[in-house]
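These protein sequence lines are chains F and U, in that order.
Those letters in the first sequence? Residues 1 to 546, per the numbering used here, in order.
Those letters in the second sequence? Residues 1 to 750, per the numbering used here, in order.
Check the hints yourself; a few may be wrong.
[Claimed, not checked] Straight-line Cα separation of at most 16 Å, EDC-like style, residue types lysine to aspartate or glutamate; simulated pairs:
1) F/Lys427 to U/Glu17
2) F/Lys156 to F/Asp97
3) U/Lys21 to F/Asp232
4) U/Lys56 to U/Glu541
5) U/Lys170 to U/Glu94
6) U/Lys21 to F/Glu429
7) F/Lys136 to F/Glu149
8) F/Lys51 to F/Glu64
9) F/Lys141 to F/Asp232
10) F/Lys227 to F/Asp176
11) F/Lys427 to U/Asp11
12) F/Lys168 to F/Glu247
13) F/Lys104 to F/Glu506
14) F/Lys7 to U/Glu94
15) U/Lys16 to F/Glu283
16) F/Lys227 to F/Glu173
17) F/Lys136 to F/Glu247
18) F/Lys540 to F/Glu429
[Unchecked claim] Coverage of chain F stretches by chain U, computed from C-beta distances (three or more under 8 Å per stretch; other residues unrestricted):
19) 116-122
20) 333-339
21) 343-352
22) 475-489
These are computed hints drawn from the structure, not numbers from a lab.
The beta-carbon is built from N, C-alpha and C at its ideal position, and this holds for glycine as well.
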Amino acid sequence: MNRQWFKSGVPWIWINAGAIAIAIVAVVGLLGLIMIRGMSHFWPAEVSEFKFQNKTQSTTIIAEIIETESIPAQTVPGFDHLTGNITRHLVKTGNRDILGGDFKWIYDQGMKSHEFPAEIMVLERVEWGNFYGYLKAVYEKDKLIASNEKAWPEFKQRLNRAVHLREKILDLEQGDIGAINYQLERLRLKQKRLQLDNKLDEARQTEISQQREVLKRQYQVLVQQTKTLYQDINRDSIRAIVMDGREITVPLEKIIKAWQPNKMNVIDKFGFYFTSLLSFILEDPREANTEGGIFPAIFGTVMMVLLMSIVVTPFGVIAAVYIREYAKQGIVIRIIRIAVNNLAGVPSIVYGVFGLGFFVYFMGAGIDQLFYPEALPAPTFGTPGLLWSSLTLALLTLPVVIVATEEGLSRIPRSLREGSLALGATKIETLWRVVLPMASPAIMTGLILAVARAAGEVAPLMLVGVVKLAPSLPLDGNLPFLHLDRKFMHLGFHIYDVGFQSPNVEAARPLVYATAFLLVIVIVTLNLSAINLRNKLREKYRALDN
Amino acid sequence: MNNSLPTKHYDTRSIKEQAAKYFVTLGGVSVIAAILLIFFYLLQVVIPMFSASHIKELTSYHSPVVDNAELSSSSAQKKIIPLRDKTLVIGLEEQGMIGARVTASGKVIFFNTTTGQVTSTQSLDIESAITSYSSHLDLVVLGLANGHARVLKIIYEVSYQNNVRTLTPKLKFPLGEESIELDPSGQALTQVVLQLNDDSAGLAAVTNDQRLVVSHYIREESFIDESFTTELESRSEKTIKSEVVKLALAPALDHLYVATQGDILYDYSLNDEGFVNVPAKYTFKHPITSIKLLLGGNSLLVGLHNGEVQQWMQVRTKNGSFLTFIRNFQENNQAVSVIATEHGRKGFAVSDNHGHLTLFYSTSQRTVASIEKLDSAITHMAWSSRAQHLLVVDDQQIMHLYHVDNEYPEVSWDVLFGKIWYEGYDEPDYIWQSSASTNDFEPKFSLVPLTFGTIKAAFYAMLFAIPIALLGAMFTAQFMAPRMRQTVKPTIEIMEALPTVILGFLAGLWLAPYVETHLAGVFTLFIILPFGFILSAFVWEKLPNKAIFEGWEAAILIPVILLMVWLSMTLSSPLENLLFNGSLRDYMSQQWGWGYDQRNSLVVGLIMGFAVIPTIFSIAEDALFSVPQHLIRGSLALGASRWQTMMYVVLPAASPAIFSAVMMGFGRAVGETMIVLMATGNTPLMDMSIFQGMRTLAANIAVEVPEAEVASTHYRILFLAAFILFSFTFIFNTIAELIRHRLRQRYSEL
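Start from the sequences and build out the full structure, keeping to the hints where you can.
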C-alpha cells in the first residue's frame with residue numbers, strides 16, 4: 001500500500017461502504033436471529049437419552065439439547081484439573097415438578113452413551129411445563145386398561161376425549177358462567193343506579209330480585225354441568241417412568257398434548273409444527289404467560305390499532321387539508337407545520353404521561369362521575385383501558401398521518417386543480433372529487449405507517465391500559481359487545497412482560513422470540529407495503545407532471 | 001326559469017363551500033389545539049408544585065376554660081384576661097376539628113376549634129405541682145415538683161354514628177397511669193423530655209439542684225391485650241452547672257441534647273446504661289432560645305436569639321460522628337420562641353416574641369409562608385397531623401387557628417437540580433429515591449442522576465450511531481450504485497420501524513449475556529473492522545475487472561464483516577485466556593477496579609445506536625444526495641477525485657443538515673424508553689463507566705408513574721420529567737428542522 005493510494009481516498013470510500021454494510025448486516029442479522037429463534041420454537045426437537053457412568057453409580061438423563069458450547073475447562077468447577085476446552089450442553093429436562101428445574105448443564109466427560117430411543121414421550125401439561133419419560137400404562141380410575149405397546153394408542157385416544165372435555169369445561173366456565181356473572185354485576189349496578197336516582201321502588205326491586213333469582217338458578221345448573229364434566233375428565237390417568245426411574249402418575253386432565261418426537265418423520269414433524277404454530281396464535285396463555293398461546297395479545301393489539309385508526313384518519317386528514325388548503329400560508333402556518341413535524345420526535349413516553357393524566361385521571365374520572373356513579377368508587381373509565389390507549393396512540397400517530405397526507409396533497413399537480421376549478425367546481429368540490437381521491441394512496445401510506453408505529457409502541461401503553469393478563473377480551477358476546485373500558489393485552493408489552501418480569505425467564509425465552517417474530521412480521525409487512533405504495537405513488541405523480 | 005335553476009344550484013353549492021370551509025377550519029384548528037394541549041396540560045400539572053403556599057387565620061378566641069369563674073367578670077372579647085390556670089401544652093386533632101389544652105392544674109380541656117366551645121374535660125389527678133413540661137406530637141410529659149413525671153398521650157377515636165364521623169378525644173398513658181419516679185431524691189424537675197419507642201422509652205430531666213437525670217425503660221407489649229408493660233432498665237445522672245434552656249432526646253436514645261443559658265449546646269452520648277464519655281460542646285454565636293428534633297429525630301433544630309434556626313445533624317466521619325451544621329433558616333431578627341415540627345414531613349413552624357409566624361421546610365431550605373399579624377409573643381403552637389391546621393396561643397391567652405395550604409414544600413430548584421445534604425448521608429449529594437416516605441425516610445427527588453443517565457445513554461448510543469450513520473450516508477448518497485441504493489434505503493426504513501421493545505428485549509436477553517462472555521471479542525471487532533475494510537479495499541484494487549462493481553463496495557464488504565465477526569468471536573475466548581486469565585470481566589474488576597454490570601452502557605449504546613442510526617442516516621443521506629449536481633460535476637471536472645469532491649464540496653454544502661441529523665438522533669436517543677428499561681439495571685447512579693448501567697428520565701417515568709399517587713409531589717415531579725423531555729426534544733427538533741429548512745432554500749437558490 002502506498003501513500004498515493006491513501007491520498008486518492010479510495011480506502012476512505014471503502015470505510016464509508018463498510019459503515020453502511022455494518023448497518024445492513026445488523027438489520028438483516030437481527031431479523032434473522034429473531035426469525036430463527038422464533039420459528040424453531042415449535043419444531044418437535046428430538047429427545048436424547050444420556051447415560052453417565054462414574055465409579056459408584058450410573059445416571060440417566062432424558063432431555064432436549066438446547067445449546068452446546070466449548071469452554072475452557074479451568075473456568076468450570078469440578079473440571080478445573082483438566083486442560084484445554086471441554087464441551088458442555090445445556091439441556092432441557094422438563095419435569096419441573098419432579099426435578100425442581102427445567103434446565104441442566106451436562107458435560108461430555110463420563111458420558112457413556114447418547115441415544116434417541118423412539119419410545120420417549122413428551123407431554124405438554126397444563127402446569128409445570130413439559131414432561132419427558134416413557135409411557136408405561138393407562139388407567140381408568142384404578143383399573144389397568146392397557147400397558148406397554150398397547151398403551152400409546154389407547155392413551156392418544158383417551159387424551160382426545162380429555163382434550164375435548166376440557167374445551168367443553170372452558171366454554172362453560174368462561175362463556176356461559178362468565179356471561180351470567182356479567183349479567184349479575186350489571187343487575188347490581190342497575191339497582192345501585194336506581195338507588196342513587198331515588199327511583200328504586202317496590203316494583204323495581206322485586207323485578208330485579210326476580211331476575212337475579214333466575215340468573216342464580218341458571219348458574220346452579222351450569223355449575224352442576226361443569227361438576228359432572230370434571231368427574232368425567234378425572235377418569236383416566238397414565239403411569240410413566242421418568243429419567244431417574246421413578247414411576248409417576250399423570251392425570252389426563254392435566255395433559256394438553258402428547259407426542260413421541262423420536263418416532264416422527266419429517267412430514268409428521270411439519271404437521272406437528274403447524275398445529276403448534278396455530279395453537280400458539282389461537283390459544284390463551286398459561287402459567288403466567290410463559291406457556292400457551294398469545295391470542296389475547298394479538299386480539300388486543302388489533303383492537304387497539306383499529307380503534308386508533310378510526311380516530312386518527314379523519315382528524316389527521318382534516319388537519320392536513322386545513323394546513324395545506326385552507327389556512328393562510330404564512331409564518332404562523334409554517335410554525336405549526338414545523339411543530340406538527342416535530343411532534344413525531346417527541347418521546348412516546350411523554351404521550352403516555354399525558355394520556356394517563358389527561359385522559360384517564362381527568363376525562364375518565366369525569367365520565368365516571370357523570371355516567372357511572374353507581375360503580376364508584378370502583379372506576380369504570382377512570383382507570384387505564386382500551387379507549388384511552390387508542391386515543392393516546394391516535395395522538396401519537398397524528399403527526400405521521402398529517403405529514404404523509406400533506407405530502408400527498410402537495411404532490412398533486414397544480415394543473416389538475418386548476419383544471420377542476422376552471423371547469424367551475426368549487427374548492428370543496430375540487431378537493432372532494434379530484435384532490436382527495438388522488439391523495440388517497442398517500443393517506444393510506446400515512447395510515448399504514450401510523451398502524452405500524454402503534455403496533456410496536458409499548459412505553460405509553462404501559463401507562464394507559466395494557467396489562468400482563470386481561471381476564472376478558474375487549475370484545476365479547478355480552479352487551480354492549482365492545483368494552484372500551486377494559487384493559488387489554490398487547491404483543492409488545494407481552495414481550496416485555498414475559499421476557500423481563502416472568503418468574504421463569506429461561507423457559508419462556510423461546511416463546512418471547514416467537515412473539516417477537518410475529519410482531520416483526522406484522523410491522524415489516526406494514527412498512528414494506530407503505531414504502532411500496534409511496535414509491536408507486538411518486539412514479540404516478542411524476543408521470544402526471546410530465 | 002332558465003335563470004333560477006343555476007342560481008339555486010349555485011346557492012346550495014356555495015353553502016356547501018362555506019360549510020366545508022368552516023368544518024375543515026374547525027377540525028384543523030382543533031387538532032392543532034389538541035397538540036398544544038399536551039404542552040399546557042403537562043405544564044398545568046407541574047405548576048402547582050411551584051406555586052406559593054398560603055397560611056390564613058380561620059378564627060381566634062380566648063383560650064377555652066372549664067368554668068367561667070376562672071375568668072374575671074368582663075366578657076368583652078379579645079381583652080386580656082389573666083388566667084389562673086395556665087396553658088402548658090396544646091394539641092390538635094388530625095383534621096383540625098378538636099383542640100386540646102393541658103393546664104397547669106393538671107386538666108386536659110378539649111374544645112371545638114371553630115367555636116372555642118369546651119366539649120369535654122379530664123382531670124389528671126396529679127399529686128404534686130407541675131414544674132416542667134414538654135410535648136412531641138400527641139405525647140405530653142409533665143415534670144412534677146416531687147421528682148416524678150407523668151406521661152400521657154392524647155388520641156382521637158373515630159366512630160361512625162348514623163354514618164356521621166364522630167371524634168371522641170381520649171387520654172392514654174403509655175408508661176402507666178401513675179407518675180414515674182425520675183429523681184429518687186425528690187427534687188422538682190425544671191426540664192423534662194420523653195422519647196417513646198415501640199420497645200423502649202427514655203426520660204430525661206433537669207432537677208432543681210442542677211442535676212441531669214436520664215432513665216431508660218424497656219417496653220413489652222402484652223400478648224393478651226394491647227397494653228404495654230414498662231420496666232426501668234437504668235438510671236443515671238450528672239451534674240450540670242449552667243442553667244438549662246431546653247432538652248431534646250434522640251429517638252434511638254443515644255443522644256441527649258442540652259441547650260444551656262447562653263450560647264452552648266451539649267451533646268451527651270448515651271447507651272443503655274446511661275451517660276458515655278464527656279459531652280461534646282458546641283458554641284453558638286447567639287444565645288440559644290429553643291431546640292427541637294425534626295421528624296424522624298435525625299436533625300436537631302436550634303432556635304437562636306437573632307431569629308435564626310439552624311439545622312444540625314449527626315454526620316459520620318473517620319473519627320466518629322459529630323453534630324454538623326447543615327443549613328439555616330432566617331426570616332427576621334426576633335428571638336425564636338417556639339419551634340413546632342410537622343407530624344408527617346420535615347417541615348416546621350417558627351414563632352418569635354413579636355408574633356411573627358414562619359413556616360419552613362428543612363430539606364428544600366424553603367421559607368414556605370409567613371404571617372405577621374399578631375402583636376404579642378407566641379407561646380405555644382401545635383400542628384394537626386395532616387399539616388393543614390396550626391393552632392397558636394399567644395401570651396395574651398388568645399388562640400388562633402390557621403389554615404395552611406402547603407402541599408409541595410419539599411420541592412425547590414435546589415432539591416431538583418442541586419446537591420442536597422439528606423439525613424443519614426455524609427455529604428450533600430444528588431439522589432433520586434422516590435419510594436413512599438416513612439418517618440425515618442424522606443423521598444429524594446434530584447433529577448440530576450436521571451438527567452445524567454439520560455445523557456449518558458444517549459452519549460454512548462451516539463458514539464456508535466454517528467460514525468455508522470454518517471459514513472454510511474456519505475457512501476449511500478454519493479458512491480453507491482443506484483440499484484443497490486434502491487434496496488438499502490428501504491432496509492434502513494425497516495430498521496427505523498423495528499419496535500424498540502424488540503430491540504430492548506434482544507439487548508437485555510441476548511446481547512447483554514453474549515457481550516459479557518465475549519467481551520474481548522467485541523473490543524477486538526471494534527478495532528479490526530476498519531483495518532479489515534482497508535485491507536479488502538487493497539486486495540480488491542489488485543483484482544482485474546473491478547470497475548463493473550463500482551458502487552457495490554458495500555455489498556462486497558458484507559462477507560468481510562461476517563468473517564471478521566466470526567473471527568473475533570471465536571478468538572474471544574482464547575484471547576481472554578491468553579491475556580486476561582480467562583475472563584476480561586474479572587480481570588478488569590481485579591486489576592483496574594472496574595465493576596461490570598451485565599446490562600450496561602455498552603449494550604445500551606450498541607442497541608440504542610442501532611435504533612438511532614436510521615434517524616440520522618435518513619436525514620443526512622437526504623441532504624447529501626440533494627446537493628446540486630452542478631457543484632459535484634464542477635468539482636470532478638476540475639480534476640478533484642471522488643473523495644476530494646466528497647470532503648471539500650458535498651460535505652461542507654450539506655454540513656448544516658448533518659448537524660441537524662445528529663441533533664434529531666440525539667433527540668430520539670434521549671426519549672427512548674423501552675431499550676433503556678430492558679437493557680440496563682435502571683439504577684439511578686452517577687457513573688460514566690461504559691460497563692455500568694444507568695436510569696434515564698424516560699425509563700424512570702415508565703417505571704414510577706403507574707405507582708405514583710395522583711397529584712402527589714412524586715406524581716408532579718414525574719410530570720415535570722415528562723415536560724422536560726417534551727420541551728427538550730421539541731426545541732432540539734425545531735432547531736434541527738429550521739436548519740434543514742434553511743439548507744433546502746439554499747440548495748434551491750444554487
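Comparing the hints with the structure gives:
1. With a CA separation close to 7 Å, the supplied pair F/Lys427 and U/Glu17 stays within the 16 Å bound.
2. Pair hint F/Lys156 plus F/Asp97 does not hold up; C-alpha atoms about 23 Å apart against a cutoff of 16 Å.
3. The straight-line distance between the Cα atoms of U/Lys21 and F/Asp232 is roughly 69 Å, outside the 16 Å bound, and the hint therefore fails.
4. Distance restraint check for U/Lys56 and U/Glu541: the Cα-Cα separation of roughly 86 Å exceeds the 16 Å cut-off, and the hinted pair is therefore not satisfied.
5. Taking the CA atoms of U/Lys170 and U/Glu94, the gap is near 14 Å; set against the 16 Å cutoff, the hint holds.
6. Restraint check for U/Lys21 and F/Glu429: satisfied, since their Cα atoms lie roughly 11 Å apart, inside the 16 Å limit.
7. Of the supplied pair hints, the one linking F/Lys136 and F/Glu149 holds, its CA atoms being roughly 9 Å apart against a limit of 16 Å.
8. Note on F/Lys51 and F/Glu64: the hinted pairing holds, with a Cα-Cα distance of about 14 Å set against a maximum of 16 Å.
9. As the CA atoms of F/Lys141 and F/Asp232 are separated by approximately 10 Å, the hinted pair is consistent with the 16 Å bound.
10. Only pairs whose Cα atoms come within 16 Å are accepted, and F/Lys227 paired with F/Asp176 is accepted, the gap being roughly 14 Å.
11. Between the alpha carbons of F/Lys427 and U/Asp11 the distance comes to roughly 14 Å, so the proposed pair stays at or under 16 Å and holds.
12. About 30 Å separates the Cα atoms of F/Lys168 and F/Glu247, which puts this hinted pair outside 16 Å; it is violated.
13. The hinted pair formed by F/Lys104 and F/Glu506 meets the criterion: a straight-line CA distance of about 12 Å does not exceed 16 Å.
14. At roughly 82 Å between alpha-carbon atoms, F/Lys7 and U/Glu94 are farther apart than 16 Å, so this suggested pair is violated.
15. Of the supplied pair hints, the one linking U/Lys16 and F/Glu283 is violated, its CA atoms being roughly 52 Å apart against a limit of 16 Å.
16. Distance restraint check for F/Lys227 and F/Glu173: the Cα-Cα separation of roughly 11 Å lies within the 16 Å cut-off, and the hinted pair is therefore satisfied.
17. This hinted pair checks out: F/Lys136 and F/Glu247 have alpha carbons roughly 9 Å apart, not beyond 16 Å.
18. For the proposed pair F/Lys540 and F/Glu429, the alpha carbon gap of about 23 Å is over 16 Å, so the pair is violated.
19. Evaluation of the coverage hint for the segment 116-122 of chain F: breached, as 0 residues show C-beta separations to chain U shorter than 8 Å, against a requirement of three.
20. For a cut-off of 8 Å, the count of residues in the segment 333-339 of chain F with a CB near a CB of chain U stands at 3, and the three-residue condition holds.
21. For the segment 343-352 of chain F, the stated coverage by chain U holds: 9 residues have a C-beta nearer than 8 Å to a C-beta of that chain, and at least 3 were required.
22. With 0 residues having a Cβ less than 8 Å from any Cβ of chain U, the segment 475-489 of chain F misses the three-residue criterion, and the hint is violated.
The structure fails hints 2, 3, 4, 12, 14, 15, 18, 19 and 22 (numbered hints given earlier, in ascending order).
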